[in-house]
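Fit chain B to the supplied structure of chain A, relying on the hints for placement.
Residue numbers (numbering that gives the first Met the number 0), protein chains in the order written: chain A, 0 to 410; chain B, 0 to 391.
Just so you know, these hints were derived from the structure itself, not from any lab.
Any given hint could turn out to be false.
[Claimed, not checked] Covered stretches of chain B (in silico footprint by chain A; criterion: 3 or more residues with CB under 8 Å from a CB of chain A, positions within the stretch not fixed):
1) 92–101
2) 329–335
[Said to hold, decoys possible] DSSO-like cross-link-like pairs, simulated, lysine-lysine; straight-line CA separation at most 30 Å:
3) A/K198 with B/K88
4) B/K288 with A/K353
5) B/K330 with A/K22
6) B/K51 with A/K317
7) B/K51 with A/K404
8) B/K121 with A/K404
9) B/K121 with A/K353
10) A/K22 with B/K88
Yeah, the Cβ is synthetic: ideal placement off N, Cα and C, and Gly gets one too.
The lines below spell out each chain.
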Amino acid sequence: MTTTTPQQLTVTRTTRAAAWLRKNLFSTWYNTALTIVFGAFILFVLFRLLGFLLDIDTTIIRVNLKLYMTGRFPNEQLERLWIGVYITSAGIGLFARAIARNAEVKALDAGMAIDHAGWQSIIRRFWPILVLVAIILGFTQTPLPALLTLGAAAIGIGAYVSGAALPRAVIKRSWLIPLVGTVAFYLGVAGFGGVGWDKWGGFFVNIVLTIAGITLAFPLGLMLALGRRSTLPVVRYLSVTYIEFLRGVPMISLLLLGAFALGFLIPGDQQFSLFIRLLIAITLFQSAYIAEVVRGGLQSVPKGQIEAGQSLGLSPWKTMRLIVLPQALRNVIPAMVGQFISLFKDTTLVSIVKLLDLLLAAQVSTAQPEFQAQGLQAVTLPFAALFFWVGCYVMSRESRRLERKLGVGER
Amino acid sequence: MTAIDTPGGTVRPPFWRDIRVIRVVLQVLAVVVVFGALWLLGNNLRNELIRKNLPTNFDFLDRPTGVTISDSGFDPGSPVSAALLAGIKNTFLLAIVGIPLLTILGTLIGVARLSTNWLVAKAAGVYVETIRNIPPLLIIIFVFNAVILQLPAPNDPATPFDWFVISNLKIVGPSLITESGAGLLWIIMLLGLIAAVAVGIWRTRYSERTGHPHHRILIGFGVVVVFAVIGYLIAGNPIQVALPRLDGRIITGGFGGLGSYFSLLAALVIYTASHVAEIVRGSILAVPKGQTEAANALALSGFQRLRFVTLPQALRIAIPPIINQYLNFVKNTSLAIAIGFAEITLITFQAIGNGYPAPQLIVLLMAAYLVFSLTISVMVNILNRRLQLVGR
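Next comes chain A alone, as it looks inside the complex (with noise of 0.2 Å):
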């Protein structure tokens, strides 16, 4: 052991490879088989899918891009796309920096190690959105927007930075960030004569019917569970009816309700864009699903808790509201960002009403004079695919980091 030359070194290592191959690839002889079969497989899939990738004509996506990310947004409205995003990236840096610093504090006042998340876990943890916004930049046709886009990293970081010198009672409260972010942005897109949400489209849209359909659906699922646990039979009966009625139907049958039916309901011929009757749509057919979300919450929180917020005399109400709910809801975050991703998903249902959507919008560019007919659609789609790939796949795995700090169904 203590001299050791290089030869033996590398010695080592190949016998050390040749065993993991062993071990891993050819330990039995049905093992070695489904190597071979498997690989040859894979190699066949892999030069096939290699093959297609070269030989595909992108001009479609570079011709189409904008409509892609945005739908029929008004051209010279475009700037405010921009502010929107400079925005959202201020937003996001502001909150991480918050979050940090609650952590933090949180850390100091348990007496544990704060970990300190460098870069390199960033660029572990996003990848795939590095790779996708790297991919859409290589479609431009312009370097505007790689450079706008250069623009909003550095003031994401700027405010990431310059989010140590916020005041600590907003530090203490981090949900007016998101909150506050929102209404700006809204005003930065829509405000001041801008379009407003039903002419947005392409990607965006799926985007902001995902955040808004879960946004409004939360009270009222929130709401409905709490129902469902009620002592008053009415309520809990009522709740129960609205929940299993809406999980037992598919989410198309409401968007038909809300792009066909709706209307009936309202007196007059007045009536709301289709976005905003699907997004009623959405958000009613959501609330069904976060109730029971939100009720494993409630029934994850021990009696005993409920037990100690009575013997303190607090009211049943503050009992809920102070000691069960911040518990329950705690628990609840990656139950609910799963929610979210499978809403993200289901956005895409909304191109079957003819919203345009990402989904809608690669299909009807393959319908253009220049395009149609040459089997585009192999091409277009899998680049929307990409995009709802990467925004799921990097949800998911961050819900499930999440839970490993919550350490939920470990105690």
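Coordinates of chain B only, in the frame set by chain A:
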């Protein structure tokens, strides 16, 4: 309960702080608010339907639909209700074929993810992480447009081995047709089944008496096969393979379906299997390690360990969420609307397009799914209760 004894006597709280009164008032209030809102909306609905000269009841179900269902010989002049029933039948056709397929595929991939073979485990992992993070609707449209529609046109289909006729409209394979003497075969098969059950009972008793392994499934299956072979020989080739034949654009004989049917089936099976795979993997991992170690300590073989120790416990955890995935599969068949396969959602959509009142039709659509979902969830609840009794 509510009366409080004080030195001065019994004091009752005022009625507005009496919990019994509050409970009643709250519940009455909930009923009034909910049913009031429903009444208001119903009233609006009725007025608007009348204003737009649409029927306010369900009598339109007897009127002709004008809906065409390709490849079914469905008469567009038949009533709306018949079209809806035809749609339900097509939904069932998807569910009956898709559910076994996705169970098999999902289980295979889930087990593969736990394989000791690095390559197999990684490939299964990549499959799951790729597919379940893509919207199912996108997969359906991709399979339909980029795979099925790229097949040869219906007037010049591919006919591999003369066993299949494949075009972008329809895919047909060989079917089995029964000839005279099939009745005799069925009777002999039935006798074989009875014999198999009898042998199975005998083997079980034998096993209980002696402690030897019973192998009842294996032996019973063998009995059925023996009877089937004998019956087939006695009845004289009663079952034959019929190949699809092509006359111009018309395919006669054989067994198959529309391209849109296969797109939907393939896409949804691929998508749902990725979720089932995760459930299977999670359930196997959830069996405590001590169980495996105990099985090893008893010197059970690898197969015995899986068959008698790990799988029975894993299945108990896996079955309820897997049935939930079956429900999701059936609900996702409604996405057929995007590629034009005539199941109930598309029929509803077309009937709305033909001027029939949307509110009633959508209520019927929801009711159809609801009946199905609630039946399944009642069954899951019963199953859950039984599964729990077995364990603790």
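Index of numbered hints that the structure contradicts, given in increasing order: 1, 3, 4, 5, 6, 7, 9, 10
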